[in-house]
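**Student:** Chain by chain, the residues:
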Amino acid sequence: MTSKGFRRAMLACMWIVLAFMYIPIIAIIFMSFNKTQYGGFPYVFTTKWYTTLFTTSNLLPAAMFSLRFAFLVTIVAVVVGTLCAYGMQYYTPKFAKRFNTILQLPIIIPWMVTAISLLLLFSFIGVGRSYVSMFLGNLIVVLPYVVLLVNGRFVDMDRTPESAAALLGASPGRVFMDVTLPAIAPGMLAGGIMALIMCFNNFVIQYYLIPVGENTLPTLVFTRIRSEYQADLNALSAIIVLIAVVVVILLSKLGFSAGSLMGMGGGNKKEGN
Amino acid sequence: MAGLRVNDLKKSFGDHEVLKGVSFEVESGKFLSLLGPSGCGKSTILRIICGLETADSGEVLVDETDITRVRPEKRNIGMVFQNYALFPSMNVAKNVGYGLKMQKVAQDEINRRVSEALEMVKLGGYETRRVRQLSGGEQQRVALARALVTRPNILLLDEPLSALDRKVRAEMQYEIRNLQRQIGTTTVFVTHDQEEALTMSDQIILLHDGNIEQQGDPHTIYSQPATIFASDFLGKANLLAGKLACEEGNWFLTDGKVKIRLNHVGGKEGDEIKAAVRGEYFEFCEEGAEGANPFRLEKKIFTGLAWRLIGRLGNQPMDISALGTAASELEEDRDYFVRIRPENVVYYNV
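Protein chains in written order, with our numbering: chain G, 1342 to 1614; chain A, 472 to 821.
To be clear, the hints were calculated from the coordinates, so they are not data collected in a lab. Among these hints, one or two may not hold up.
[To be verified] Here chain G is said to cover these stretches of chain A; the calculated rule only asks that three of the stretch's residues, wherever they fall, bring their Cβ under 8 Å from a Cβ of chain G:
hint, region
1, 509 to 516
2, 734 to 744
[Unchecked claim] What follows is a list of derived Cβ distance ranges for each label pair:
hint, chain 1, residue 1, chain 2, residue 2, range
3, G, 1432, A, 572, 31 to 37 Å
4, A, 606, G, 1457, 46 to 52 Å
5, A, 646, G, 1542, 58 to 64 Å
[Claimed, not checked] Some residues of chain A that are not near chain G, with every Cβ distance over 10 Å (derived):
hint, residue
6, 486
7, 495
8, 523
9, 527
10, 535
11, 539
12, 617
13, 636
14, 690
15, 693
16, 756
17, 775
18, 792
19, 796
Yeah, the Cβ is synthetic: ideal placement off N, Cα and C, and Gly gets one too.
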């Protein structure tokens, strides 16, 4: 039995930690509607920063480029990652488990290390900074997430319906389209969303590998904060937070939590029958 | 309708030899059960017959045509799996009609045959239900309809009832057998449940460690087990150790305390033997009656249909089962006399 006081203290801890995490996010949303440039008081409500963002500010082309780039990387990552996860199923569980561990390495290695080593590698073969280098760098960073998530679906799913379909006369291609794909689709979708987010906001890799003079949204924001800061950045941040909220809700509808994405388990609902 | 024959199937997984040369034949329209404990290789045989697994050597013939190297999707063999293996993303009608769609049958015809098949497994009107909304028994009926609607040459059933509860299982046993008789599809049924095999089959093959232990119709397999393993697996038999003896042309098993008459099928006097006797073949009798042996009743357990009487025949442990009316007056820790007919005693040399 825990005492009433102890329980209250723990509850207070929980709320303090939660506040610690969410106050900055809430603050930036408030500040995006504040008239003064550097978030000072008095607080005067305005939507002028949103207007600036969509009119005079030069952030939008970079944002669109980042989005298109992230989608391209995501599509390739989902296709390649799914193929890789499919291949893993042909190995014994013991080997697949080891492979799973190896896959987690690119997630844990700091992106800075990945970025610098890629820059060295690309310079060595004479490519240097380029869109291709940046594309490959981002692909490397997001692929493990797709493979891990799709593999998780494979491990959870019942494989006998695939045998049943084959015995009913379906060719291997048909079996994949009719039975396998619907079963792993949630994993592919979650992996895709994950890849999209990571790629959209991966400053480190893009900073090192983007061609000189070009900008993605993260690299542009970085320069803007240093030289010509304006509160339209706050408005942009608020919009991104809104998108993130939508994504989290979407993911949890699919049965994933951010924890399960990182391989920590607990969030992956098993579908009973 | 087709006959099935498998010749000398061998299969190893790594160092583990699962099948050590299994051959058997099923006549067209018959119901064969492969019975055995888990790990005896019975499911592997099914998977080789339908092509999901490749044998290391041996062949599978349907109507004397070798299909060993034919791809599974071209074999026209229906299979029902233990966990139903329905397609979760499709409704009942789509599940049942899947095989017909693969055969490029016209949609009208598919709809008609799917309805017929569902009617046949008593799920008429279930076409638009989601698979997940069905109970285990209903799911297995859908799986059965799906396997039969394409009119396969051979139907394979891989422990289809073991995930169901007792009552549903008994119903399904009866229905599967009934359906199989109506349609006449040659069927191979895999189970580890001896009662299920005895109830449903024309023929039973008892497997042990990748070999065929015994093959025969249910009654023969039950009453004349060919080996000690067979006697123990098909309903628990009592094993009595003793020596073979002959008196005035009659043969007996003796161990000093008991003397049980048996039909001589081999061996000479003085051979060490083990006799298998089923508990339900004993009858209680008076002291001094012909064939009477002393039985000390130690414990009485009521099991519903019968009493289980645990005790000792001479010095050896013995489990006798007796119908309720016959045994209700017997008392624990008392001596009685029992006898058994010689044709109900099977013995093996050890």
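**Student:** Work down the list of hints and note, for each, if the structure agrees.
**Tutor:** Hint check:
1. Counting residues of the region 509 to 516 of chain A whose C-beta lies closer than 8 Å to any C-beta of chain G gives 0; at least three are required, and the coverage claim is violated.
2. For the region 734 to 744 of chain A, the proposed coverage by chain G is not satisfied: 0 residues have a C-beta within less than 8 Å of a C-beta in that chain, short of the threshold of three.
3. Distance hint check: the CB atoms of residue 1432(G) and residue 572(A) are about 33 Å apart, consistent with the given range 31 to 37 Å.
4. Hint check: residue 606(A) to residue 1457(G), Cβ distance near 59 Å, so the stated range 46 to 52 Å is violated.
5. Between residue 646(A) and residue 1542(G) the beta carbons are some 59 Å apart, a value that agrees with the proposed interval 58 to 64 Å.
6. In this structure residue 486(A) is separated from chain G by more than 10 Å, as the shortest Cβ-Cβ distance comes to about 14 Å.
7. Under the 10 Å C-beta cut-off, the non-interface status given to residue 495(A) relative to chain G holds; the minimum distance is some 21 Å.
8. Listed as a non-interface residue, residue 523(A) fails to keep its Cβ farther than 10 Å from every Cβ of chain G; the least gap is roughly 5 Å.
9. Interface exclusion of residue 527(A) from chain G stands, the closest Cβ pair being 19 Å apart, more than 10 Å.
10. Interface exclusion of residue 535(A) from chain G stands, the closest Cβ pair being 22 Å apart, more than 10 Å.
11. With a minimum CB-CB distance of about 16 Å to chain G, residue 539(A) clears the 10 Å threshold, and the non-interface call stands.
12. Distance to chain G contradicts residue 617(A) as a non-interface residue, since its nearest Cβ pair spans about 7 Å, not more than 10 Å.
13. With 10 Å as the threshold on Cβ separation, the claim that residue 636(A) sits away from chain G holds: the shortest Cβ distance comes to roughly 15 Å.
14. Every Cβ of chain G is farther than 10 Å from the Cβ of residue 690(A); the closest lies at roughly 33 Å, confirming the non-interface assignment.
15. Non-interface status of residue 693(A) relative to chain G is upheld: no Cβ of that chain comes within 10 Å, the nearest being about 32 Å off.
16. With 10 Å as the threshold on Cβ separation, the claim that residue 756(A) sits away from chain G holds: the shortest Cβ distance comes to roughly 54 Å.
17. Remark: the non-interface label on residue 775(A) is consistent with the geometry, its nearest Cβ contact in chain G lying 33 Å away (cut-off 10 Å).
18. Separation of residue 792(A) from chain G is adequate, the least Cβ-Cβ distance of about 39 Å exceeding the 10 Å criterion.
19. Even its closest Cβ contact with chain G, about 46 Å, leaves residue 796(A) beyond 10 Å, as expected for a residue assigned away from the interface.
The earlier numbered hints that this structure contradicts are 1, 2, 4, 8 and 12.
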